[in-house]
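2 protein chains.
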Amino acid sequence: MGVETGLQLRTLIKRSGELELSLVDVPTPEPGPDEVVVRIEAAPINPSDLGLLVGAADLSTMQASGTKDRPVITAKVPEAGMRAMAARVDESMPIGNEGAGVVVKTGSSDAAKALMGRTVAAIGGAMYSQYRCLKVSECLPLPAGTTPAEGASCFVNPLTSLGMTETMRREGHTALVHTAAASNLGQMLNKICLKDGIALVNIVRSAAQAEILRGLGAKYVVDSTSPTFMDDLIAALVETGATIAFDAIGGGKLAGQILNAMEAAINKSGKHPYSRYGSNVHKQVYIYGGLDTRPTEITRGFGMTWSVGGWLLFPFLMKIGKADTERLRQRVVDELKTTFASHYTKVVSLTEALDPANLAAYAKRATGEKFLIDPNKDK
Amino acid sequence: MGVETGLQLRTLIKRSGELELSLVDVPTPEPGPDEVVVRIEAAPINPSDLGLLVGAADLSTMQASGTKDRPVITAKVPEAGMRAMAARVDESMPIGNEGAGVVVKTGSSDAAKALMGRTVAAIGGAMYSQYRCLKVSECLPLPAGTTPAEGASCFVNPLTSLGMTETMRREGHTALVHTAAASNLGQMLNKICLKDGIALVNIVRSAAQAEILRGLGAKYVVDSTSPTFMDDLIAALVETGATIAFDAIGGGKLAGQILNAMEAAINKSGKHPYSRYGSNVHKQVYIYGGLDTRPTEITRGFGMTWSVGGWLLFPFLMKIGKADTERLRQRVVDELKTTFASHYTKVVSLTEALDPANLAAYAKRATGEKFLIDPNKDK
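As given, the protein sequences belong to chains A and B, one line each in that order. Counting along the first sequence from 1, when you hit position 307 you're at 306 in numbering that gives the first Met the number 0, and nothing is skipped either side. Counting along the second sequence from 1, when you hit position 175 you're at 174 in numbering that gives the first Met the number 0, and nothing is skipped either side.
Bound-form chain A, shown alone (with noise of 0.2 Å):
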């Protein structure tokens, strides 16, 4: 099979309430004078394209079909879950947030001939594809000696990381708090925050990951497993004065949990008079992942000055206009191998991605547990 065409996850969720993964066969399509055709050789499986991927499926029902080469993969929507997939219903859907590869076509204008071989990162979608046309002012092209695969995840965790220390100086905080600390996302955190000069207090759920985290430099690191859990984060945030927190987790008591701490804290540094409403320092959980699908649950003992809100990357860089933008996406670049490398446990092509053991194993969204296809593996 050449150039013309390759293969494409898709996602499906019928309206019978049945998930299914399948790939198929989609023509190349021809580049446009300021387009080009890359062959995708590294995207990785981030949190966010689980989401979409397996959307509300319930995985315990997973039943594998089709053959060697056209697997499917088919799993329930229990009901409740289908109302969030409303929109989705009956549509099927690439997928793929973000990848790197190597320009093999391109369009007739001098910009396009200019990346012809080419190893190039792109945050386009559908990128769990063999071939995928993109504008050029969509693709960033990488360094000299940098490959699809340490480039492969140069938006999504970098950008994130950096937009949460952004919103943290934005919103007037100081310092800030981390959940699933430990993650991909997490370390790289931790390396900004460490270069910057900022105080982060991880969060962690094992006393392993605690040690990934020390080992990595890390000076606040709570484990939310521990029977000191809140005296230790309360202590952590009495030091820091941390009074935003990025939260990965989503489900569960632990946003409500750092809000309650983050107001003993203030309280315990006796710079406010009490009032029945609870300290006048504003408390602030963003909420940009769902590692706990089950319901947030908010135990309000910390005043009325609090926010918990969702927080997502896309809305936070249209916010912060163009040139920021551009500033954050050098940084980037220009610390790939460094501040910004991901490391990854597994390799799959996209026969492989549709293997139930894998499948079973990325969708668990295990700390340290990363994914990246590379949808020419088999090649």
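Hints in this document: simulated from the structure, not taken from any laboratory. Every residue gets a Cβ at the ideal spot worked out from N, C-alpha and C, and that includes glycine. Treat the hints with care, since some could be wrong.
[As the list claims (entries may be wrong)] Where chain B lies over chain A, by a calculated footprint (3+ residues, C-beta under 8 Å):
hint : region
1    : 47-53
2    : 76-90
3    : 249-259
4    : 294-307
[As the list claims (entries may be wrong)] Label-pair ranges, simulated between beta-carbon atoms:
hint : chain 1 : residue 1 : chain 2 : residue 2 : range
5    : B       : Asp33     : A       : Arg293    : 52 to 60 Å
6    : B       : Ala356    : A       : Ser15     : 39 to 47 Å
7    : B       : Ala356    : A       : Val237    : 38 to 46 Å
We have chain A already, so just place chain B on it with the hints.
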């Protein structure tokens, strides 16, 4: 007893984990040149007063002691509740946000003397007192023919309900949702919205409450105890386009249900393309009360563009500034006997306020039940 001393209601939470409510004799301060002494004759028990009055105490453990003239109420504060109480422990605090009464003594300035004999309202705190010394600038002189009972609730409910429609406009929404909507405040908000042509979705917790609001001319009333609640709410949100809610309940699932219903209504409108992150329309719930003290349980099925946070009158007034605050205040005075009229189920003296049966009744915060304290009723 003359004006020299007066009874004052006090609330105290002891380090031992005990709430104590009592009456104490306090000397009335001699008014300074720009101050007056007000004989308080009417002070409402608002939900916000109850938060300070009983704190985290468990009223099922309530004990009455003391004498007929100096009753004392005690109750246990569960250990889990003591953390939030830390800042007020062992401090005997006066109470009563707002009230009205008659000026019985004045300072030497012309402005103070001009108030002699006038009925004034104030939001000065410690209003559950027989006498309050207030600055002239704290007093809102009421129009002739207004009784203290009519002016007692000039501030909290009127400015809070006006603050909701102001917040709605300032944050770019065009219609709003209100919970516990049959409350005194909710009825006020209905009158404001009807007058100002704002679509208001009223969420109530019984068919009887729905009737109260329909009787006031409310167009959108949905009952959260109805089996068709979610469908009814979504239908009302499709019609009104409301994307901001003010929630007095706080605990349980309601805040999350509102966000989910908003997202469903936005999707039904067909105006926004599908995104894996949900619609890009900002959905806001402000929690301004805690009628349900259980944790807030949010089932996140509404994408990433959302926020739940605390809303409080005074920070809001600080934010909008003096001129806009004055504009709202003037509207309240102008419409005190119409839009902003309050209704009370019972008028009690200070000793009656500490009668266990009364305390149990008003602490229930039942919709439609509202107590007014007349500290000089026994005299």
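Here is how each hint holds up against the structure:
Three residues within the 8 Å Cβ limit are the bar, and the region 47-53 of chain A against chain B gives 3, so the coverage statement holds. A stretch counts as covered by a chain when three or more of its residues have a beta carbon under 8 Å from one of that chain; for the region 76-90 of chain A and chain B the count is 7, and the coverage holds. Counting residues of the region 249-259 of chain A whose C-beta sits closer than 8 Å to any C-beta of chain B gives 5, which meets the bar of three, so the coverage hint holds. For the region 294-307 of chain A, the stated coverage by chain B is satisfied: 14 residues place a CB nearer than 8 Å to a CB of that chain, which reaches the threshold of 3.
In this structure the hint that aspartate 33 (chain B) and arginine 293 (chain A) lie 52 to 60 Å apart at CB holds, the actual value being about 57 Å. In this structure the hint that alanine 356 (chain B) and serine 15 (chain A) lie 39 to 47 Å apart at CB is violated, the actual value being about 58 Å. With their beta carbons about 44 Å apart, alanine 356 (chain B) and valine 237 (chain A) fall inside the hinted range of 38 to 46 Å.
Violated hints amount to a single one, hint 6; each of the other numbered hints is respected by the structure.
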